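A.B. asks: Sequence:
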Amino acid sequence: MEKWFNSRDEVEKYWEDVDNSHYKQWQEGKITIEEYYKISPYGYECWSCSYCGKWTGNFKYD
758 MEKWFNSRDE VEKYWEDVDN SHYKQWQEGK ITIEEYYKIS PYGYECWSCS YCGKWTGNFK
818 YD
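Start counting at 1 in the sequence shown, then tack on 757, and there's your number in this note's numbering.
These are calculated hints, taken from the structure and not from any lab test. Predicted, not measured: the structure shown is a model, and the values here were computed from it. Among the hints, a few may not be true.
[As the list claims (entries may be wrong)] Taking lysine-lysine and the BS3-like style, the derived pairs with C-alpha atoms no more than 27 Å apart in a straight line are: (1) K760 <-> K811; (2) K760 <-> K795; (3) K770 <-> K787; (4) K770 <-> K817; (5) K781 <-> K760; (6) K770 <-> K760; (7) K770 <-> K781; (8) K795 <-> K817; (9) K795 <-> K770; (10) K760 <-> K817; (11) K787 <-> K811; (12) K781 <-> K795; (13) K817 <-> K787; (14) K811 <-> K770.
[What the hints assert, rightly or not] Here are the computed distance ranges between Cβ atoms for each label pair: (15) K817 <-> K781: 29 to 39 Å; (16) S805 <-> Q784: 29 to 39 Å; (17) E802 <-> N777: 16 to 26 Å; (18) Y794 <-> W761: 40 to 50 Å; (19) K795 <-> E773: 11 to 21 Å; (20) S807 <-> Q784: 32 to 42 Å; (21) E769 <-> Y793: 32 to 42 Å; (22) E791 <-> W761: 29 to 39 Å; (23) D766 <-> Y799: 27 to 37 Å; (24) G786 <-> Y808: 24 to 34 Å.
For each residue, glycine too, the CB sits at the ideal point set by N, CA and C.
Build the full structure now, drawing on both the sequences and the hints.
C.D. replies: Okay, structure coming up:
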């Protein structure tokens, strides 16, 4: 993700936004369904920093 968030909910919202952006590109015909499946993460893992309390994570791809 290469970003830090204030909460786990913000991490989930970011994942949803990324997925929705790729889905919109597919709906508009800018990418194929195969490209959508390749670039869109199917999930994520996240964790918080014990020092600062911020959250980050990694997208999961097939």
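A.B. asks: Holds or violated: K760 with K817, Cα cutoff 27 Å?
C.D. replies: At roughly 15 Å apart (the allowed maximum being 27 Å), K817 and K760 satisfy the hint.
A.B. asks: Need the status of pair K760, K811: alpha-carbon distance at most 27 Å?
C.D. replies: The given pair, whose Cα atoms are some 10 Å apart, holds under the 27 Å limit.
A.B. asks: Regarding the pair K811 and K770, is the alpha-carbon distance no greater than 27 Å?
C.D. replies: holds (15 Å)
A.B. asks: Quick one, are K770 and K817 close enough, alpha carbons at most 27 Å?
C.D. replies: holds (15 Å)
A.B. asks: Indicate whether the distance between the beta carbons of E769 and Y793 respects the range 32 to 42 Å.
C.D. replies: violated (20 Å)
A.B. asks: Going straight from one Cα to the other, do K795 and K817 come out at no more than 27 Å?
C.D. replies: The given pair, whose Cα atoms are some 11 Å apart, holds under the 27 Å limit.
A.B. asks: For E791 and W761, compare the CB-CB distance with the range 29 to 39 Å and indicate the outcome.
C.D. replies: holds (32 Å)
A.B. asks: For the pair supplied as a hint, K770 and K760, is the alpha-carbon distance within the 27 Å limit?
C.D. replies: Within the cut-off at roughly 13 Å; holds.
A.B. asks: Mind checking the alpha carbons of K781 and K795 for me, to see if they're no more than 27 Å apart?
C.D. replies: holds (15 Å)
A.B. asks: Does K787 pair with K811 here, judged by a C-alpha cut-off of 27 Å?
C.D. replies: With Cα atoms ~35 Å apart, K787 and K811 exceed 27 Å; violated.
A.B. asks: Would you mind confirming whether the straight-line C-alpha gap from K770 to K781 stays at or under 27 Å?
C.D. replies: Cα-Cα ~16 Å, so holds.
A.B. asks: Could you check the hint for me, namely that Y794 and W761 are 40 to 50 Å apart, CB to CB?
C.D. replies: violated (28 Å)
Going through the hint list in order, the structure does not satisfy hints 11, 15, 18, 21, 23 and 24.
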